[in-house]
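Residue numbers (our numbering), protein chains in the order written: chain B, 301 to 518; chain G, 3 to 215.
Among chain B residues calculated to face chain G with C-beta under 8 Å, some are: (1) Asp306; (2) Gly314; (3) Trp329; (4) Met336; (5) Arg449; (6) Pro451; (7) His465; (8) Thr505.
Rather than coming from a laboratory, the hints here were simulated on the basis of the structure. A virtual CB, placed ideally from N, CA and C, is assigned to each residue, including glycine.
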Amino acid sequence: MNGVHDMGGMDGFGKVRPEPNEPPFHATWEGRVLAMQRAMGYVGAWHIDDTRFAQETLPPQVYLAASYYWRWTLAMERNLLKRGYVTAEELAAGHALRPAKPVKEKLTRDVVQQGLARNSFFRPQQAPARFKPGDRVRTRNFHPQTHTRLPRYARDKLGVVELNHGCHAYPDSVAAGRGDDPQWLYTVVFDGREIWGPESDPALTVSIDAFEPYLEPA
Amino acid sequence: MADHEHDHHDHHGDHGSELSEAQLRVRALETILTEKGYVDPAALDAIVETYETRIGPRNGALVVARAWNDPVFRQALLEDASKAVAALGHISRVGDHLVAVENTPRRHNMIVCTLCSCYPWEVLGLPPIWYKSAPYRSRAVKDPRGVLADFNVELPKDTEIRVWDSTAETRFLVLPMRPEGTEGWSEERLADLVTRDSMIGTGLARKPGEIAQ
Chain B
301 MNGVHDMGGM DGFGKVRPEP NEPPFHATWE GRVLAMQRAM GYVGAWHIDD TRFAQETLPP
361 QVYLAASYYW RWTLAMERNL LKRGYVTAEE LAAGHALRPA KPVKEKLTRD VVQQGLARNS
421 FFRPQQAPAR FKPGDRVRTR NFHPQTHTRL PRYARDKLGV VELNHGCHAY PDSVAAGRGD
481 DPQWLYTVVF DGREIWGPES DPALTVSIDA FEPYLEPA
Chain G
3 MADHEHDHHD HHGDHGSELS EAQLRVRALE TILTEKGYVD PAALDAIVET YETRIGPRNG
63 ALVVARAWND PVFRQALLED ASKAVAALGH ISRVGDHLVA VENTPRRHNM IVCTLCSCYP
123 WEVLGLPPIW YKSAPYRSRA VKDPRGVLAD FNVELPKDTE IRVWDSTAET RFLVLPMRPE
183 GTEGWSEERL ADLVTRDSMI GTGLARKPGE IAQ
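Hey, can you work out the whole structure from these sequences and the hints?
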């Protein structure tokens, strides 16, 4: 979706301001949110792109005003409600009022280190790769209302395939509830001027990781 | 949910004994999820502790230092970073899809996630706020030299700047250039020169004179 989360190339947000000696969390609740997010992922409550899509569909003014972990909180509440893990009455009451939805085994302290390991997104290939490194491609011009990982700035642009990362779960399908629909994933590189026009820094190149359905031969 | 999502002026910190709205709401959420049997508070404690104390940029710095000292490892890292880092053994589990990209005098690499906040947690820990913020996400792909200036870094005009937008589950680690004057240094000592920002590409490795002796 063409949401405010898709920030590449926007102007007006000002300077980047690094914080010296930044702590991992700025408040206790931030750590709890991160931990709950990981623990609910472990029981299979949602996929990573469900989480992303829940954030993307927050109202733009909320998305921009929220601190990072507050955005996680809002998105997590939405996903818990949408998937029937909690009810609005429970959120209002601050207690469980209804029986739990059955889940896989919950994450316990003794398996936390294994539970925090990053999932693999490799999936069996459904067809041979259509492109190989060195191929010229054009990214598609599409504007779905749903979740996609093709940023707006990189649509309808000429680039070159640089790397093939194998076959991966396809976020556009996963977040739409249509399953993994595995697709080949490539690093595609663009000249800065192809994206930003002739005024662009001539020494700039930008790459994205693009799923095969984002690409056409050029 | 709309009624829950307006006006959050005070969700950044714990202010004294006064509970912020965020604290209250997150605590309520944890209570509900615990009562329903989805999460175990002791496991949540362990997760927080892990990210506060065990996973940080030192992991990545040791990978870089090894690559500087060991050409065979460097090659393996550039070919398959997940495999090479896992083989080092100092990070308990390395996920698939880690890619190392090497800075050279001709090319400087910078990593961003314009769409959210993708970041190589296993080697760098949790991302800093600036990495997840609108200024960085919006400008890195369009004006990386301007972003570098915010970090007091200036590169020659003809150095290619390659910005890698992390739009999938691939995660990128920058292998910065080894500073001069470090010949014969041990990996431990070299790792002290490798800053988090140098592995994101918004900084360079420190020079020997820049660290406390």
